[in-house]
Each structure stands twice: as C-alpha cells, then as structure tokens.
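Chain residues, written in single-letter form:
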Amino acid sequence: MAFPVARAADRGLVRRGAGALLVLLPLVFLAGTFFLPLWGVLSQGLRVEEVWSLARVQALLASPYVHHLLRFTLVQALLSAALSLALGFPLGWLLARYRFPGKELVRAFTLVPFVLPPITVALGFLLFFGHAGYLNRALQALLGLASPPIRVLYSLWGIVLPHAFYNAPVFARFVAAAWEGLDPELEEAARTLGARPWLAFLTVSLPRLLPAVASAFALVFVFCFLSFAIPLSLGGARYATLEVGIYYLARRDLDVPGAAALALVEMGIALGLTYLYLRGGGLFLAPGRRGRPREQLPLFSRPRQLAWLPYLVLLGLIFLGPLAAVVASSFFLPGQGPTLKWYAFLFSAQTAPLIGTSPLGSVLLSLRVGVAATLLSLALGLSISWTLHKLRWVVLETVLMAPLSVSSVVLGLALLIAFRRPPLALLGGGELAIVLAHGLIVYPLVVRMVRPLWQALDPGLVEAARTLGAGRLSAFLTVELPLLARGLAVAASFAFALSLGEMTAVAMIARPGLFTLPLSIYHLISARKFGAASALATCLILVTAGVVWIWELGGRKWLYRNGQA
Amino acid sequence: MLAVAGVSFGVGEGELVALLGPSGCGKTTVLRILAGLTPPDAGEVWLDGREVTALPPERRGIGLVFQNYALFPHLSVAGNVGYGLRFSRLPRRARARRVEELLSLVGLSGYGRRRVHQLSQGEQQRVALARALAPQPRVLLLDEPLSALDAALRVELRRELRALLKKLGVSSLYVTHDQEEALALGDRVGVMRAGRLEQLAPPEELYRAPATLFVASFLGRANLWPGVVRELAGPGRVTVQVGEEVIPAAGEAQPGTQAQLFFRPQDLELGKGPFSARVETVEFLGDHWELQARFQGFELVAQASAPVSPGETIRFGFKALPRLLLSSRG
Chain A
5 MAFPVARAAD
15 RGLVRRGAGA
25 LLVLLPLVFL
35 AGTFFLPLWG
45 VLSQGLRVEE
55 VWSLARVQAL
65 LASPYVHHLL
75 RFTLVQALLS
85 AALSLALGFP
95 LGWLLARYRF
105 PGKELVRAFT
115 LVPFVLPPIT
125 VALGFLLFFG
135 HAGYLNRALQ
145 ALLGLASPPI
155 RVLYSLWGIV
165 LPHAFYNAPV
175 FARFVAAAWE
185 GLDPELEEAA
195 RTLGARPWLA
205 FLTVSLPRLL
215 PAVASAFALV
225 FVFCFLSFAI
235 PLSLGGARYA
245 TLEVGIYYLA
255 RRDLDVPGAA
265 ALALVEMGIA
275 LGLTYLYLRG
285 GGLFLAPGRR
295 GRPREQLPLF
305 SRPRQLAWLP
315 YLVLLGLIFL
325 GPLAAVVASS
335 FFLPGQGPTL
345 KWYAFLFSAQ
355 TAPLIGTSPL
365 GSVLLSLRVG
375 VAATLLSLAL
385 GLSISWTLHK
395 LRWVVLETVL
405 MAPLSVSSVV
415 LGLALLIAFR
425 RPPLALLGGG
435 ELAIVLAHGL
445 IVYPLVVRMV
455 RPLWQALDPG
465 LVEAARTLGA
475 GRLSAFLTVE
485 LPLLARGLAV
495 AASFAFALSL
505 GEMTAVAMIA
515 RPGLFTLPLS
525 IYHLISARKF
535 GAASALATCL
545 ILVTAGVVWI
555 WELGGRKWLY
565 RNGQA
Chain B
10 MLAVAGVSFG
20 VGEGELVALL
30 GPSGCGKTTV
40 LRILAGLTPP
50 DAGEVWLDGR
60 EVTALPPERR
70 GIGLVFQNYA
80 LFPHLSVAGN
90 VGYGLRFSRL
100 PRRARARRVE
110 ELLSLVGLSG
120 YGRRRVHQLS
130 QGEQQRVALA
140 RALAPQPRVL
150 LLDEPLSALD
160 AALRVELRRE
170 LRALLKKLGV
180 SSLYVTHDQE
190 EALALGDRVG
200 VMRAGRLEQL
210 APPEELYRAP
220 ATLFVASFLG
230 RANLWPGVVR
240 ELAGPGRVTV
250 QVGEEVIPAA
260 GEAQPGTQAQ
270 LFFRPQDLEL
280 GKGPFSARVE
290 TVEFLGDHWE
300 LQARFQGFEL
310 VAQASAPVSP
320 GETIRFGFKA
330 LPRLLLSSRG
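Top line first, the protein sequences correspond to chains A and B. Taking my numbering, the leading residue of the first sequence gets 5, the next gets one more, and so forth. Taking my numbering, the leading residue of the second sequence gets 10, the next gets one more, and so forth.
So that you can see chain B by itself, here it is in the shape it has in the complex:
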C-alpha cells in the first residue's frame, strides 16, 4: 500500500509551509519521512544541499513537534527542553542558559522545575515547541500541534506560533487538517489528497485560483458547475455552456471539452445580471444571509446583504469571471 506518492516540494530558508489535507491523506507520513522516522521506499530528502535520506533521525538536525507532544513524563519541564542539548557539545552552564532562554521565548519562564503532568494542554504544547527548538534544528516540523486544544486557545496560539517562527526565521513545515489554520499560518500552503500533493501555492492564490477540483472544493465555500467549453473568446477566455445558459469564464481549453466552472460566493453580484436562479433555503449568518439556490438544475451558493425568501427568483451576474477547471488530476 502506498501512503504517499509523487509528493515533491521544497521549503525555502525561513519559510513556513503548511501542509493541508483530510485525515488519512499522508501528511503525517511526509513528516515522518522528512524526520527519518519512516524510511521511504523511493525518493530523496535533501537538506541544505545535502542528501539525508539514509541518515537516522538523530543525525538530521530536524526538529519535530508531535501531535500529542510526546513529552517525557519522567523529566521536568527543563529536563524535556534540555533533552536535545545533551547530545550537543554545549557545556552544562550554557545548556541551562539555553533552556531558560527557550522557556522565556515560549512564555514559560520559571516553569523549569515543574512536572509535565502538572501543565495545562496549552503549556504542554509550548514545552513541546521549546524542546524541538532547543537544539536549533535546521528545519522544524510540526504535526498538527494545535489539534488537541480548544478552539479559542487554538486561534491564540496560532498567532503566537507564527510570530515566533517568523522572528526566529526557522524554516518550518506545518501539517494540519484545519484549512483556516493552514491559510492563516503558511507562507505557502500545500494541499494533499490521497497521498498526492495537489497544489502548493501562497494562500491567496490557493483560494482564488485552485488548480484542481479537489483544492477548489476543499477550501472554503465554492460553486462548481459542470459544463462544456463552447468557444474561445480571446486569450485566456472561453465561454462555457451550463445547462441552457452560456457563461464567460477565465481559462483555456478546446471547444467541446468537459470542464467545471469554479467561483466563490463573493464573486457573485446579486440583484442584477444576465442569469436567474430560484432560492431554496436561506440562512442568517450574522453579517450576511447565505442562500442556496437552483440554477439550471445545479446548486448555487451565494451571499446576500438583504433578506430573501425561499421560492423567490433572483437575478445574478459575476463580479469576477468564473474559472475553468479541467477534471482533477489523480
């Protein structure tokens, strides 16, 4: 069984890459291969221009923050943070100083002598981060480090984490199944599905211009309509037939190609425009109403700034052109 195949990417100096995907997609396996905990059947891992595929984990200089933290229960907080320094040539006093420095960095000054089980989940998370950073790894890997925390704390720690990693300038790879977290944290975000990397791009690009159907549907609210390319309408422009209607779109494909039209609810302009849809359900979400409507038999998700009743017919047009997506790779 292949857990991961055809995943190839690099992390730049000081860059924070988030790897996003549903559980079971192979994100953790990628991390374990990078850390040297799982030997790959094929492929290579390079670090600073050196191939490290055959090196055992302790000789790679890669830090890993575990999902459940894996703190050593028999050691104190300081013992945990200082563990990786035992294997460096640092003299004892310098080690103690470094431990203190890291504890204050993660906001846990004075916690050194506590036992691990006396800490809250959030504190344990910080200790795990400090421990991984202590030996000054060349790359830091984080395996869903916030998933055990409750929602409010997660958001708070997420901000702190990004600020800290950016301040230290550590190259990091962050794995998560939470799309909001990935978009908020990553300089670039990679979306994985069934062991393959579907797209790796800055978050804005990923959101605005997904490369595959999966990326389009996995991130945020999206409208996807199947259609057939009718004709080329200029450079990077086509028209697509959806049901009885013909819609202009951005993209390039031969006429007659089966394709999907992709656009976000925010791309729509409601109340006027060439098209009409019948409203089915309306939900009030605080700052807007979310509509589900039917257009040519397909579902349309839209956001309205004024209340609409189910059964009404609304007109709509596009503020930004829908994008043409060919059927997904893989």
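This is chain A alone, in the form it adopts within the complex:
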C-alpha cells in the first residue's frame, strides 16, 4: 500500500537539490566527453567541405576494399562464434553435470575472456601455434619433420582459432549457469513418462538451454566482430576487421574523415548487434537457483566417461598452451637458456626506441591510467546506477548507457578528433584522453555489476537509518556504502584489469611516448622482440589472474553473503 507513495517520496528527494545534482552530473559529463566527441565523428564523416553529404559513406560502400573488410569481419565473427560454441559447450556440460578436483579452478578460468587482454592472446598464439612456435618445434622434434606441420598463421584460421579459444569459455560459463538453474525434476518427469535419457535431454533440457546459448552466441559474435588487437597483430592488412580498417585509415593513412565515415558504417551495423549484446547481460547476474540443485556425478566414475579425456587434453593444450608459452618465453633467451633479462628490461628506465618511452615509463603510465580510469568508472557507475535505480526511464537508461553501443575504435577516434579542438583540447593531452576512453568503456560494466546489488538492498534500511537520526548523506555512508562495498571492490578490480589490458582506444589516441602496456607489447611483437613482449604480457596475465581470483573465488562469496534473510 505504501509503494506508490514511497516512489512519490523518492521523486521528492530528487527534486530537492542534491538528488538532482547526482542525476545531472553524469549527464553533463557524458555530454562533454562522449556525445560531443561522437558528434565530431558524425560531422567529419558526413561533411565534405562544410556541406552535409553522404558522399564519403557512399564512396566507402562502393569500394572493393571495404566490401572485403565487411565480408571478412562478418565471416570470421560467425566462424569464431561457431567454433567457440563447439569448443565451449561440452565444457559447460562438464561443469554442470560432474564434480571433479580442480573444478572451481576450471570455473574461474571461464571468466578469463572477460579480463585477459587480447594482445596477450595474440602473443600466446604466435608463440605456441606460430611456424617457429613451441607446438611446431615439439612436433618437428617428435616426428622428425623438416618443416613445421601446423601452418595457421596469416590466414582466416589464424584469426578464427585465437578468437575461438579466447571466447569458448563464454559458452562454457553461460551454458553451465543455465544448466545449473534448470530444475532436474523436469528431466526426471520426462523419464517417468518414458523418455530415454538422451531423449529427455533433447526434448526437455536443450530447449531450455537455447536462450543461454543464443545470448552467448550473440555476445561472442559481437566480441569477434569488434575484435581489434588479435586481427591487428595476427592478420595484417589482408585479414583486417572493420575496427582495424578504421584504425589504418585514421592512424596510418591519416585520413580522419575517411575513418569517421567508415566508423559510421560500422556503427550502423553495430547498433543492430548491440541489441543482441544487451540481451547477453546474464553474465553479471547471480546464478539463479530454482528447484532442487542438480545432483553432480563424480567424473570418471564410469568407463564411458573416459571419452572426456581427449577433449580435456585438447582443451588444456589450446587454453593453457599459449598462456604457458608467454610465461615460458619471458624467462628464456632463444637458444641460450633461462634468463631474467626481459624482466630487467621491463623495469629499465632507459628509453626504448620501439615504444618511444622507457618500459618502466610504459608500466607506470598503464598503472596511472588504470587507477584514474577505475576511479572515474566507479564515480560514473555509482551515480548512474543510483539514478537508474531511482528513475526507471528507458530513455534515460539509453542515454546514460550509450557508450556501451559504440566500439572502442570509434570511441578512440571520437576522442582523437575531440582533443584536437576546444573545449577538450583545453584539457591538454593524450593521457587524459586515454583515461576518459577507458572510463567510458568500463563504467557501463560497473553499472551492470552495482545496480542489481543496489536494487537488492531493502529500501527500509535507509529509512530505518533516517528515523534513527541519520541524514541522507550519512545514511548512504553508513548503510548503503558498506553494503555495496564488496560489490564495488569487485567492480573496481574488474575495471582496473580492463583498463590495463585495453589497447583498442589507446591505439587510436596514443602518440609515441604515451604507449600503455598492451600497445608496447604490440609494438614489441611487430619488431619480433618476443622475449620483452612476453615479460610485459606475463605481468598482465598475473593481474588478470588476481582479478579472476577476486571475482570468482573470493568475490562471489563476498557478494552474496550479505543477502538479507
């Protein structure tokens, strides 16, 4: 009975000063740092000599190179998603149906694609599957071959395979979560009605898993469609995606208006895909438990289950091989043996010509940007999730979450253009632009993580604090903030890892001397300095592992322990 009245009260609060400010601040901030720069892209791409025209876009759409880009981007994204599905679905089955030692670790591993920087994947793939990579060398030694037997680099498969291994865990995660949420009694009912086990699966469980599989497919398709670091470092100009194409136009050919026009073409396509991406939001929700939990069988309790063994070996090879290759090559001098030289290089303050700064400078820049972007995304994320929690207007949500629907290359391009002229040019240079880009890329995810927690808070708690003498601000500080703190800590670690590994927007914005870790790795790879690149990448992998640990092993217990009785 109090419900509509309580909402009226909230609107009253918003009307009263502080609340209105909290809503307005992020709006104004986004207007200046996102919508204005985006307008810059629009006017660069759609204006020829100060006159609005579609000429640039039409010229692009007629160009055979753009056709090739489009076709390749779509084909590789479809193939990558399909291969990820094939690789990841059985793992999801395994996680949902069986218990085995190390299962928690495997489950934690399924979070990797969301935080592991793609540049480390590209490096690992080169080192492991490359012509002179560990796998080829091992096979050559084993089989006595003269030339490397595996030749996948610099082909369509050279892009699709790393994408697939990078994204297969997404499927495992979605499928396992959906499966564990299914009530096993439905399948049991089917059995009592005469269905054999596989038929019960086919007619009862599978149809209920399809939505999860579909949203995972959409998510992975979008990831691969917008992939940048992997095709850039493994594909070259021939196997370039749209994102890489825009980057080449803007940064290699210095044709910013052309890049803007291509960005508009991509945005047109991406807008349709965004809808699918939004449907994939289930990742950040607590696993729903309906009905009785499924009974899990111990793995390898029956001889038939030995069939899992080859799959697990293949999986281990594909997943752990490249990562292990990165770590290994960071400790070896080719042909000479173990060394710490690459780590000495990592912490040297001497300028390395390849990256235009000292390696240490690159590390420190990444850390500075990471911390600043994390703080920015937390501030934005917290105020926006509060706003969306109070005012559930679809239009407001669309506006406040808009950066989600713009690819990182386009965002980088927008900021590149915007920082060349007032008002943003007044704020100075590149480092701030990188922080902004990362803040804008990450905060929607912070909102996704924080908002459900906020909504789960009993509004009575704040009211109780108010009747006990706390003002609105102290009620926030003493009640809401402590209850959200753990969620915020997880979101912060996530944001930090994403910023540390982000290379797409950075590649658009950065100039020599402002190379963050992933960009330095990319340039070291281009120069075939694999040892140095591996040392930097190993640091990124360690940070990633830390975040996964916080999220999966510590975080989930933290997050949901505060569930109110």
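Rather than coming from a laboratory, the hints here were simulated on the basis of the structure. Check the hints yourself; a few may be wrong.
[Said to hold, decoys possible] Simulated restraints on C-beta separations:
#1 Trp55/B with Leu28/A: 32 to 38 Å
#2 Gly280/B with Glu189/A: 55 to 61 Å
#3 Ala63/B with Leu58/A: 54 to 60 Å
#4 Leu28/A with Gln130/B: 38 to 44 Å
Being a predicted model, the structure only gives us computed values, none of them experimental. All C-beta atoms in this analysis are idealised placements derived from N, C-alpha and C, irrespective of residue type, glycine included.
Starting from the known structure of chain A, fit chain B onto it as the hints suggest.
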C-alpha cells in the same frame, strides 16, 4: 490517488494507540507520514506542541519499528542498537552502556556481538525494538512488528511489548491488521478503512458501541439487521421494524429512517423471549456451540451452552439492547 484522507488524531503522553484496518487501508502510510518518510500532500504533523511536517525524518525524534525489521546486515546486534546513538552527543562509553541497557531490557543481554542473520525471527524483532528505542524517541511507531512471527510467539511477544512500553512510558502508535492484537495492545484503538479513520476509542467501547457499520462488522462476531425506525420510545430509545417484527433498540433517529440493528452474540438470551428463529447450522467450538439461524430472512449468529439441532426453532430475547447504526460514513 489518495492513500489517506481525513485522518486526524492525537496520541497522549505515554499512551499506546493501536491503528487497526484491513491491508491497503492506509495504516502504513499514516506511519510513514508521521515518521517523515512520505511527505503529505496536505495536513500537519505536530509533536510536543511543535509542527514537524517539514522536518526530515532524522530530525523528528520519532522511532520506527519496521515490519520486516530492516536490521542492518553489515552491523552486529550492538552495532544495530547503537546506530541511532552515533548521531547523539553521547560519549562512546555512555553509548556502549546504553546499548547494553537496551539489550537487557529486551532480554538479549550478551547478544551484542552476534550477527543479525544468526538471530531467530523473534530475536530480530527485539533487536529492532531496542534499536528504535535507543535514541529515546518522543514517539515510537510500530508497523505490524509481530506479523512475521508464528501465532504462539506473537501472543507472547505482544504481552511483553505492552508491558515494556508501559514501563518506559513511551507514547506509541502501533499499526496492525490483527484485531485481537489491536484490542489487546491499545489503550485506544483506531479503526481505519480506505484511507479514513472510522472510529478511535478504548477497545471496550469500540467493541460494545461501534460508531459505524464497518467497525461493527470488522471487529468480532456481529449481527447486523437492516430495518426501519418505527417510533421514538423514550430518551435514547427507539423501536425498529425488522421484517414483520418490531425490536426495541438503543439510539436516536427520526421515524422512517433506514438503519441497521447491531448486537453481539453475547447480547442474546436463548431459550426464551419474544422472538423465534430457525436453526440452520451448528458448530461445536469447545466451550460453546455456535448457531447460525434465520430470523425474518436475516442471518442470526448466536452462542448456545447446550447442543441444538439444525431445523429446530429456538426462542430468543435480548439481555442488552441492540444498538441502532445509521449507514456508515464514507
């Protein structure tokens, strides 16, 4: 949409007022307005001779016990009870003493370091009460504080609660949809219906002399017969025609007025008297038999001390005069 309209009442110093009504009648809204959690569109809230309508909740000095307790899950029991003292000028040691004092008052000495989720429902309820009392509110509001508990515990805690509030002499307003609870707890009981206060009176008066049809039918078993006032039969006396029969009643109205006759089953005398009714159903309820009978086409609920069979005709009269109720306000 109006949730509440035309509700006006006061709570005296140290008095316990219970607000009773079906769910959705606006009881909770009244509490929220008093606590300052919902701003009223019109009307005023006064406290100790001071208007507080515009004050935010934290500056009213009104304690509220929430229906679901709203205990802070991140704080210990002591942290919860001591929360409101953070905003007082009490030194740290005095605060700790006050927390201990309140915990022992509600019978939870030594529970201070426990986590809230380790407590039973009844214990959580006591913590919520202690927390609301800690800052010494000038008025304590309780929003169905016992509704989450099972029946036996509810009765036990109800007694404790009344004794405690009376001992402390806190002015309290208690909201509930349970009539037994309201009658047992309140010094005065207010009955609400659809956002309006129908009657505010001591429980005995409310039960014996309801002011409206709604109050009459909402509280306890009641007989209500529609009739027409026939003639005045002295000061405060009328006769009322029900069907073919004429019945004396207490009340005043012009002859010809449509009205309802109200009386409790206990007001009847069975076995003799001027009227007769045909028994339809009989239920054995332990200490008596409850009859449903038909009188002039209307339902009669009565209590018999000896078994009666359905189909029998019984005679009855009135020990206490039925009361005349004019059609309900609102």
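For each hint given before, does the structure comply? Return the numbers of the non-compliant ones in rising order. none
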